[in-house]
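Protein chains in written order, with the numbering used here: chain G, 11 to 202; chain A, 841 to 944.
If you're looking for bench data, these hints aren't it; they were derived computationally from the structure. Since the structure is predicted, the reported quantities are computational estimates derived from the model, not experimental observations. Treat the hints with caution; some may be incorrect.
DEER-style ranges, computed between Cβ atoms [stated by the list, open to error]: (1) A189(G) / D895(A): 44 to 50 Å; (2) R841(A) / E177(G): 45 to 51 Å; (3) T943(A) / M158(G): 36 to 42 Å; (4) T939(A) / T153(G): 17 to 23 Å; (5) N186(G) / D846(A): 39 to 45 Å; (6) E194(G) / A923(A): 46 to 52 Å; (7) E913(A) / R45(G): 20 to 26 Å.
Where a beta carbon is used, it is the ideal one built from N, C-alpha and C, also for glycine.
Listed here are the chains, written in short residue letters.
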Amino acid sequence: QRERASLTEHDHRRGRADGAAAMATTYQPYLKCVRSTLDAALCLRNFPSQIVERHNKPEIEVRGSKELLLNPITIARTEQEKCLVEGSVNSVRVSFAIKQADEIERILCHKFTRFLMQRSEQFVIMRRKPAEGYSISFLITHTHLEKMWKAKLVDFIIQFMEDINKEISAMRIALNARARIVAEEFLKDFAA
Amino acid sequence: RGRMADLMRLLDDAPQVMNSKDAEAKSAHARKVFTALDRLSEKQMGELVDSIEQDRGDILLKYVYRGLEVSSENNAALFKWQAKLTDKFGVGSIVRVLTDRKTV
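Sequences are here, hints too, so could you generate the full structure?
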């Protein structure tokens, strides 16, 4: 009975079992679309600031000159799950909104992303604060691309998002399983 | 066949909408393009992408991305469109979507 329950929760993560099976199948195409969009947006070059001499700032954060910014692209898989790619001449900001189906997932997602973002220096490309309306953001500048391979960077981001989803799903299942065991033990005292 | 021709005609009309700054006209035209895209089956999708040339492919990709901004049931089909168009025209077409000032 426990396994059956945990299976449906896993289905729930990938797409509700009650019939939006289409959602479950669009996960890989969604990631593929994000991947090719990132491939295109991550064409960066060094571009010193036009406003302050001897300064080099990520233009997507400064947003000083309109001609340096590219059109932002939003890729929405569902209402809640979407990806925003904002590009500029020397930097790209990629923001993800993670699917949060219920209260528990909202709390888990919030705590998990907060944990990650506090350690964003370790992740190098992660942003300490997510963009408005999103769960997590990455800021990639030309210096990152000079040190790291673009293909591997894109692989990393896609893998990261997949893993976050899996982690949150696993945490939720573990939480519910633990709660069930605890409740069982507690209520045994009241059983005949 | 008629449906593919409809879509082609809408794509040909797109540049004048793109050059204007009228948001209403752009949304109206976008809605027509989405209904035309909906009515094509996957096989027709493949045929159309094979027959189309780069300029129209770019415009179509712009509409696909516009459609992906809002979540709807068609998004699964839109992902397929994006995949096919990118396979044919390469990453460069996405770069053109990102950089072109004349948005759709």
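Hint-by-hint comparison with the structure:
1. Checked against the given bound of 44 to 50 Å, the beta carbons of A189(G) and D895(A), roughly 58 Å apart, lie outside it.
2. The supplied range of 45 to 51 Å is met by R841(A) and E177(G), whose beta-carbon atoms lie about 49 Å from each other.
3. In this structure the supplied range 36 to 42 Å is violated for T943(A) paired with M158(G), their Cβ-Cβ distance being about 31 Å.
4. Look at T939(A) against T153(G): about 22 Å separates their beta carbons, and that is inside 17 to 23 Å.
5. Roughly 50 Å separates the CB atoms of N186(G) and D846(A), a value that falls outside the hinted 39 to 45 Å.
6. For E194(G) paired with A923(A), a C-beta distance near 47 Å keeps the hint of 46 to 52 Å intact.
7. In this structure the hint that E913(A) and R45(G) lie 20 to 26 Å apart at CB holds, the actual value being about 23 Å.
The earlier numbered hints that this structure contradicts are 1, 3 and 5.
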